Every structure is written in structure tokens, then in C-alpha cells.
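S.K.: Next come the chains, spelled out residue by residue.
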Amino acid sequence: MDPHRQLSLHVPEPSSRPGDQPDFSYLKLLPAGGARRPEQDCPPQDMHDLAFDLVRVLDDEHAAVGPWAMELDPSLLLRGLRAMEKTRIFDERMLMAQRQGKTSIYVQCRGEEAIACGQRLALGPHDMCFPTYRQQGLLIAQDFPLVDMICQIYSNARDKLGGRSLPFFYSERDHGFFSISGNLGTQFMQAVGWAMASAIKGDNRIASGWIGDGSTAESDFHAALVYASVYKPPVVMNVVNNQWAISSFQGIAGGQAANFACRGHGFNIPSLRVDGNDFLAVHAASKWAIDRARANLGPTLIEWVTYRAAAHSTSDDPGKYRPADEYAAWPLGDPIERLKQHLIALGQWSESRHQAMVEELGAEVKAAAKQAESFGTLGKGPAPSASEMFNHVYKEMPPHLRRQRQQGGV
Amino acid sequence: MARKNMIEAIRDALDVMLGADDNVVVFGEDVGYFGGVFRATEGLQKKYGKSRVFDAPISELGIIGAAVGMGAYGLRPVPEIQFADYILPAYDQIASEAARLRYRSSGEFFAPITIRTPCGGGIFGGQTHSQSPEALFTHVAGLKVVMPSNPYDAKGLLIASIEDDDPVIFFEPKRLYNGPFDGHHERPVTPWSAHPASEVPDGHYTVPLGKASIAREGEAVTVLAYGTMVHVALVAAQETGIDAEVVDLRSLLPLDEETIEASVKKTGRCVVVHEATRTSGFAGELIAVVQERCLYHLEAPIERVTGWDTPYPHAQEWDYFPGPGRVGAALHKVMEA
Ligand SMILES: Cc1ncc(C[n+]2csc(CCOP(=O)(O)OP(=O)(O)O)c2C)c(N)n1
Numbered sequence: 001m002d003p004h005r006q007l008s009l010h011v012p013e014p015s016s017r018p019g020d021q022p023d024f025s026y027l028k029l030l031p032a033g034g035a036r037r038p039e040q041d042c043p044p045q046d047m048h049d050l051a052f053d054l055v056r057v058l059d060d061e062h063a064a065v066g067p068w069a070m071e072l073d074p075s076l077l078l079r080g081l082r083a084m085e086k087t088r089i090f091d092e093r094m095l096m097a098q099r100q101g102k103t104s105i106y107v108q109c110r111g112e113e114a115i116a117c118g119q120r121l122a123l124g125p126h127d128m129c130f131p132t133y134r135q136q137g138l139l140i141a142q143d144f145p146l147v148d149m150i151c152q153i154y155s156n157a158r159d160k161l162g163g164r165s166l167p168f169f170y171s172e173r174d175h176g177f178f179s180i181s182g183n184l185g186t187q188f189m190q191a192v193g194w195a196m197a198s199a200i201k202g203d204n205r206i207a208s209g210w211i212g213d214g215s216t217a218e219s220d221f222h223a224a225l226v227y228a229s230v231y232k233p234p235v236v237m238n239v240v241n242n243q244w245a246i247s248s249f250q251g252i253a254g255g256q257a258a259n260f261a262c263r264g265h266g267f268n269i270p271s272l273r274v275d276g277n278d279f280l281a282v283h284a285a286s287k288w289a290i291d292r293a294r295a296n297l298g299p300t301l302i303e304w305v306t307y308r309a310a311a312h313s314t315s316d317d318p319g320k321y322r323p324a325d326e327y328a329a330w331p332l333g334d335p336i337e338r339l340k341q342h343l344i345a346l347g348q349w350s351e352s353r354h355q356a357m358v359e360e361l362g363a364e365v366k367a368a369a370k371q372a373e374s375f376g377t378l379g380k381g382p383a384p385s386a387s388e389m390f391n392h393v394y395k396e397m398p399p400h401l402r403r404q405r406q407q408g409g410v
Numbered sequence: 001m002a003r004k005n006m007i008e009a010i011r012d013a014l015d016v017m018l019g020a021d022d023n024v025v026v027f028g029e030d031v032g033y034f035g036g037v038f039r040a041t042e043g044l045q046k047k048y049g050k051s052r053v054f055d056a057p058i059s060e061l062g063i064i065g066a067a068v069g070m071g072a073y074g075l076r077p078v079p080e081i082q083f084a085d086y087i088l089p090a091y092d093q094i095a096s097e098a099a100r101l102r103y104r105s106s107g108e109f110f111a112p113i114t115i116r117t118p119c120g121g122g123i124f125g126g127q128t129h130s131q132s133p134e135a136l137f138t139h140v141a142g143l144k145v146v147m148p149s150n151p152y153d154a155k156g157l158l159i160a161s162i163e164d165d166d167p168v169i170f171f172e173p174k175r176l177y178n179g180p181f182d183g184h185h186e187r188p189v190t191p192w193s194a195h196p197a198s199e200v201p202d203g204h205y206t207v208p209l210g211k212a213s214i215a216r217e218g219e220a221v222t223v224l225a226y227g228t229m230v231h232v233a234l235v236a237a238q239e240t241g242i243d244a245e246v247v248d249l250r251s252l253l254p255l256d257e258e259t260i261e262a263s264v265k266k267t268g269r270c271v272v273v274h275e276a277t278r279t280s281g282f283a284g285e286l287i288a289v290v291q292e293r294c295l296y297h298l299e300a301p302i303e304r305v306t307g308w309d310t311p312y313p314h315a316q317e318w319d320y321f322p323g324p325g326r327v328g329a330a331l332h333k334v335m336e337a
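So the sequence lines, in the order shown, correspond to chains A and B. Numbers 1 to 410, taken from UniProt numbering, label the letters of the first sequence in order. Numbers 1 to 337, taken from UniProt numbering, label the letters of the second sequence in order.
Read the hints as simulated data drawn from the structure, not as lab findings. Predicted model only: the values in this text are computed from it and were never measured. Ideal Cβ placement from N, Cα and C applies to all residues, glycine included. Among the hints, a few may not be true.
[Claimed, not checked] Rough simulated footprint, nothing fancy, chain A against chain B, three-plus residues with beta-carbon under 8 Å:
| no. | stretch |
| --- | --- |
| 1 | 58-66 |
| 2 | 85-96 |
| 3 | 101-112 |
| 4 | 249-257 |
Isolated chain A (complex conformation) (with noise of 0.2 Å):
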């Protein structure tokens, strides 16, 4: 056989691993305000430049620049910065509890607060949002109770789940936040379903679907892409590309050979590729998104472009894959940051205030976090009751459960 003729298996690499100098060369980073702001109800076909840019808003001196820069509140904003701020510390929070064995397991969403937090802002009350594990940003942002999230996170006698789901696998129907499952994607499809049923309904409500960049390699991805590009349900089809899949970079799910916001275009679904550190800019793609789906003008695909700033879990460690000081080099910067920044740019905000809110906010999930730990936690207790382990399987428990039960002695 010549040897020159042999077939040979590609399999991608990262840009860098541990003990080299981080690498995002790979990343086509546009300047902000580059990218145009195509019409309402401007054809897919017509628009296929925007999956290749990179819509951004903040500039490096932090002005709002280009067509994306709407003319927004500054209590908006302040909205924002605060709704993130608190997720980031209601993150640290949590991984400490989680360290002090209060829980099994947790999940920060470092580095991509911008993102569910800027969606949600912009979303209406009754839209439903399919999130994954990494959008608490969405409770938080709508100043959700961070006592029943720690509840649940500790599985205490107080958590309305009962004990029944991993932490932070929430579910909360009158906040827009459908129940997460441990099963990566599902839910993206299920909100393509979600919306199906909205516009049966002549209803005016929207969906949200949410995917990570590793599950886009799913089946339920391309289901819902199908579905979308079939029926033209109202839904924003959000996949937040942080470049990890636990240790998998970007490339392992198809994200070398083309990026995520051009898999829309074979559906001929309007698709957007976007600054996910840049809060103005995910607000703005997301109401483009949003206003687009509410006008029955169809499905919209995001690519968030951020970085998973964190271990993937509290059962990770991200030592063992990629440069230990990758983060620092991301050229998107940090979304706090940036926003803060641009407030203080505006003349609406300083380090003073931003310092004196860190502290309020830390103060206020230090305290939620001791009411839910009077509740129990996952090791002490008190923990839900036994019997909750038979309920909710049906609607009506069936005879054979009700024998269980009593034989389980609960």
C-alpha cells in the first residue's frame, strides 16, 4: 500500500492545553458596531453575513456603538449589572456551600451571566424559557427568591421539589422556567413544541430554548431546528457556545469546521452570532430575536460567543484540560465588568456604588443562604420526608406504588 494514500482519522484539537499559552486566535472577532441590524422582518436568506459576525455593541472604550445600540433606560442597565452581580455571587456562594458539604453538587455560570440575565430582561412575564443547568440567570434576573433556589439546591424539608431532583435542576412555571432535565437538549426541542402550541393556540406568548455548544451535537438539536424551519414556531433558539463541553473544546461538536449560528442557514432560520459578554448586545439580539418571533415572523438561531469561566462543576477540574489562566486572555473580556465600565462611562454609575452593591448583594445572599440552611441541608437535614419518593410518578399514585410505600415503611 502507498503509504501516502493512507486514510487517517481527524480528530480536532484545542487551541491550547495545560502549560501553554492560551490561544483564541481561532476566534473571528469583529470590531463592535460592525455588524449591520438587518430589519424586523428581513428574509433569512438575506441576512446570512450576521452568522459570520459578530454582533457587539460595547466598544473597547466602552461606548454603545453601531446599529445594535438602542436607546435604552439606564435602570435597564443598572437592572442588569445588578441581576448579574448577584448571580455571580449567589454562584460563589453556593460552590462554598457545596465545598462545605452542604450539597451534592454545583454549577456556576461564571463568566456567562450577560446572557440569561440580558434574555430575561427582554423577554415578557408569561414567555417560557427551556433552560439547561446554566441559566439561573433567568430566576435571578426576575428577583426570584434566592432562599427557595438554596432550598432546593439543599434538598431540605423546604424544597418544593422534594428532594426528588439534583440541585439547581429548578422548576419554576409562573417565572417562565420549565423543569431542567439531567438529559442535555431535550428541551430545546420541547420549546420548539412549546411554541408549536402557542401559535395553535393564537396566543401571543414565545418560547426560549436553551443549548450549550457540546449538546448542539444532539439529535434533539437538529429535531428542533427541523420543526422550527417546518411550523415557524414563535421561539429564540439560544446556543450559548462558552468553547467547553466538561473537557471537550468547541471542535469536538462540530465547531472547527463552522461555527453554530451557521447551522440555521440549511433551515433557512434567520441566525444572529453574538457578543455574549456584551450585555447591550445580547439585550439587543434578543429583542430583535423576540420581537421578531412575537410579530409571527418565526424562529430566530443565537449564537452566544462566550467562555466557561469556571469549572464545569463542582466535580470538575479544568487544570487537567485547558491553561489554567485561559479566562484571563479572552478577548470578550468579562460581562460584569463591561457593563459596569460603560455605566460608569454614561455618568450613571462609579466604583463606589458598584463596590457598595457587591456588598449588599453579598449580604443578601449570605442571609438567604442561612434561612435555607434553618430549613436543612443536604447532609443534616432535615431532609423532605421518604414518602415524597412515591409521589408526583402519576398524577393518582397507582395501587402497585401504594403497596411500595407502605412495604418501604414511609
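Go by the hints and put chain B with the ligand onto chain A.
M.R.: Okay, now just chain B with the ligand, sitting in the frame of chain A:
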């Protein structure tokens, strides 16, 4: 009251529920304009419109994933999977999502969906148009699993399933669509019109889930069966002259253990039959239930007659299908023990 075959009874149930509840939607591959490859949804799109009855892309996970999302919204979807053999791409959405949505959200969200799917062999369907995958679903907590054996039950059970707030897998033995098939493939097919269960009331009625029925009363031996095998068991009783009591389970999950127990305690003998493969098949569960509840009343080991532990073959259809000969032999065996 009209005489209906099983397809007509199923279509009638869908018609009744589409008319009664605006939240009922029917969709699946070829279900809309064409009316389904088995004609189960014929005319429904014309009557109720395209937003209530519509064609779906060929993606089973998409069909069920969409149904779960619609259910979370508040609709009552009745999706169709064209053949039970093709339900596996949707298994994750069924077992991980539909079945567990209520549990993991404390009832905040649930999946009031009814998945209709034609199952079973006896039609030269080969490996991928003949399977009976019910045991893959009876093993999933949170699901209900139903299989009718006649038009009357099909309509009543389907309406009850659609009205149920839990996810139901509704298996339709396609060999029974046009007539009661007893395994005598060499004889001409008898149409449903000659059978009393083809008298299907008009309008709304239900057959409760979780309740078996006695297809034939008997004293000598209990036969536990469902779907096509009910008719095979009936003819086997007739041909052997053994006074078998044939229990048509109708619901596999939840299971009517009381009816099973009462029958086996009366007869002292039990044969379990199904088309599905043997190992880890639903018969294993039924035998365990009988053993737990009736051991001291048993006068013979429990027999099971099932498909062989092979994929469903094509040319060997009648060597695979557990026909009246094999069921009859099992009846003799337990009577002689
Ligand atoms: C179907 C399925 N396969 C595997 C896993 C295990 N798992 C949990 S999170 C994860 C990585 C997901 O990465 P990505 O979609 O990029 O989201 P991210 O964690 O980066 O937010 C994996 C493989 C799972 N939960 N579900």
C-alpha cells in the same frame, strides 16, 4: 351504535376527542392530509383544520419532543409513531422526559400525551414492522401502557388515555385492525362485523385504564393475554376443549393485579402469552405477580408462550408467531402437570 372495525373505532375516538376538547391535537408522519398509512386519521384534518391535525417530519424524537413541549403548554397531544418498531428514536423523550416531567417538577409540568403506535406481527412485516416493544415501556416509572384487543375497547381506552393527565403509550395491534385474528393464517380473515365487540357506541364513552376484562370465563386454567394473543388464546381454548379463563389485560401498566389474582386462585393454573420475545418480556413480570399472589393456589408451574428470542423474521413468520398450536400445547401441559 354502529359496527366498526378497529381502525374506525380509533378514528372515531380521535374524532370525539378533537370535537370535545380544543386542546387535543393529532400529528405524526403522514397523519394529516393523507389520513395515516393505516387510515386511522382519515378525514380528521379536513374536519378540524391543519393546526389541529397535521403531518410531521420523519423524526420520532421530534414528534414526541414537540408533544412534551405542547403538553407543558397545556395542550393534549395525540402523536402517532408510524410503527412501534420506530419508537426507539423517541425513547429518550418518552422515558427521560414525558415519563418524569411530573416527578421532577412536583406536578408543575406534566405530559398529558397519548402516543398511538401500531405494533405486533402476523402481517409479514419482518424485523421492522412486527415488533412488540411493550416491555421497554412497562419498565419505565411514570408511563401508562395500554393495548386493546377489539374495537369497543380500542375506542373507550383511547378516549380514556387522551383524557388521562399522564403519558400513555397506546399500542394498536395492527393485525387486529380489520378483523379478530386468532393465528389461523391459513383461513380467510373474518371481518370485525361478525364480532360482538365491533358494536361501538357513538359519541363519548371510556374503558378505564388499569382494568382487565375477562374475554372468556373458565374454571380449568387462567390465560393472561393482551392484543392479538387474546384471540389466539380464545381459539386455543376452543380447540383443546380446555375450559380456560382468558384474561384480556388491556392495561399493562398499571396492571390489574386483583383480576389476575382472583382468576388464578380460582383455576389454580396459569399460562401467559405474548408475541414479544421471551427473555425479560412482560410475561416475566406477570409470572412474578402470579407467583407472589397465588403460589399456594398453584397446581402446576406457570407456562409462558412467547415469541422466540430472535429478531422477528420474515419467511418464518408462522414459526415465530405464537399461534394456537403452541398455546394449546401449553394448556395441555399445565393441565397434565
Ligand atoms: C444525554 C447526555 N449525555 C451526557 C451527559 C453528561 N454531561 C453533562 S453536562 C455535559 C457537557 C455539556 O456541554 P455543553 O452543552 O457545551 O454545555 P455547558 O456545560 O458548557 O454549559 C455532559 C457531557 C448528559 N447530562 N446528558
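S.K.: Now tell me if each hint is right for this structure.
M.R.: Here is what the structure says about each hint:
no.: 1; hint: 58-66; result: holds (count 5)
no.: 2; hint: 85-96; result: holds (count 4)
no.: 3; hint: 101-112; result: holds (count 10)
no.: 4; hint: 249-257; result: holds (count 3)
The structure shown violates none of the earlier numbered hints.
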